[in-house]
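*Asks:* The opening position of the sequence shown corresponds to residue 1088 in the numbering used here, with each subsequent residue numbered one higher.
Bear in mind the hints are in silico, worked out from the structure with no lab data behind them. Don't take every hint at face value.
Stated by the list, open to error - Label pairs and their calculated CB-CB ranges:
#1 1193 / 1565: 34 to 40 Å
#2 1191 / 1530: 58 to 64 Å
#3 1506 / 1615: 19 to 25 Å
#4 1155 / 1615: 38 to 44 Å
Just so it is clear, CB atoms sit at the ideal spot from N, CA and C, and this is done for glycine as well.
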Amino acid sequence: MDIATDTIIQQGDFVALMQHHAQLLMGIADYWRGRGIDSFALNRPLLKLLLAESTNLEEILDAFGARTNTLWYPFRVQVAILKNFSEAAFELLHLKQTSQGNDLYNSVSYPHFQDDLQKSLQFLTTVLFYTLGAFVTFGEKAGMKASGGGQEPPTAGNEEESLPLGRLPRDRKNNSNDSVEERIVHIATSFLHRTTDMRGFRHLVRMEPSQWKQLDFEILNEGNLREQEGKLHNLQSLYDTYISDSDTENADPSLGKLRAYISACLHLFKAMTIFIHFYERHIKYNRAAEFCDPHCKISGDVFFGIITKCLMNYICQFLESAQDICKQMLASYVHNGSVEVQVPPYVGFHVRPSTLVAAIINHYGSKVTLSLPDGTEYEIRSSLDFPRVNGWIDQQKRDALFSAMSKLDFTRLTAKLEQGIIDKGMALHYALVMLANHNLIRIHRFDYDLHEFTDSPNYSKMEFLGLLGAVIVRFQATRIISIIHDVKITFHGDTRVLRDLALLAENGYGENEVGTNIPLPKELAYLNAGRLMTANG
């Protein structure tokens, strides 16, 4: 659409232009203004009509610069409300109709789901009704006419939409797909990977609507929501392309459930993105543009209650149910194996690396065991399962270090100590530096205190090497030093889990020698949300 931006259009000409493009919408608004809100009900024909007409009108208004015009900006906001909230209502109405009678959304698992959807639709009904009234009133004040005099336009969106129950028989020949099992594993794995970062939304559900000013809009923003929406859309596309109509889909009821949860979350995400888009675009920085009737305060508690207690609440619930299904699927198609990996090289399985290992295992929901060279096995469920493993690792490192120390010559150092050239603390310090120079230990801090070992009667009768051994045991436990010695363990379980565990080990378990986070490869990006919680672990 080519518009001469250096030319100012006359007000009368613009009113005539709006009259032409807004004629049907003005007629619809005038018709419902005359009938009252009690007779106004949302259905898909009406919503499609409102969406189509408002979208077209919005494009015309933007082309002529209505967003930067004092007179026409309120009209532009009204059109935006009609466009955005008719689209949101369409998504929720579709979900409500398709979920009714579906055992997946039964009253036992989700007792308030239908009622919460209905309350959200009632809010949108009120918003759209009063916006239509404000729209036609503004148009008339600007010089436009609502043709029809309150009579029903030819397409007022007032058609009854009474849909019968049931569905067509499923009698089309199923597609054959030899690799459908591989596709199912891919879908389930992708779903787990792509929805892990949505955990950041869960705390929003616990907030009361009246606390909306405290909402974290760094997380709950349009860009982030559209990114998550895109991930779900891609998963649905993968499913429809490779799984739908396959014999496996018929044989495995959980596949249909997964598809239904993905679809429901996608509709809810679309609606929530619209709510947040409107908040960011028209409320957050343009509060003066609010015009709606007092009965439908757009930015009030009800508005944010729908976002937190309905849309986000059920997204989180459905995602958790879908994740459980994915883990069950992966368990059904599990292929077991083993992988030998090096333990975290510096401090062993302390908080952060053990948390990442447990996160990988829990991400897939598979059983994984850890075995030591001596045959001892541990089932790993959480980071709390690692202390006993750490004790064994520390002992292996100390045994290797003490064995290496027995081959070193400390005679010159002990001679200086006996001759009084250096004191016991200085001798211990030189011995630690000597071990570091031989690449047997790494000293992380040099501000250590040796008085406990030099002044305490508990150590007074120890020979020098025994005293040095006691220092090493204490300093290893307090992370003043780490012993440089490769120790390996073996994980047993699902090969998908083992692949990620091996990749984590190859990348130093996500930390450097001083315990600072380092970037993980993109294949392990799903761990990043959990890393934030253990950054100071």
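*Asks:* All hints, please: hold or fail.
*Replies:* Hints, one by one, checked against the model:
no. : hint                    : verdict
1   : 1193 / 1565: 34 to 40 Å : violated (55 Å)
2   : 1191 / 1530: 58 to 64 Å : holds (59 Å)
3   : 1506 / 1615: 19 to 25 Å : violated (57 Å)
4   : 1155 / 1615: 38 to 44 Å : holds (40 Å)
In terms of the numbered hints stated before, the structure departs from hints 1, 3, listed from lowest to highest.
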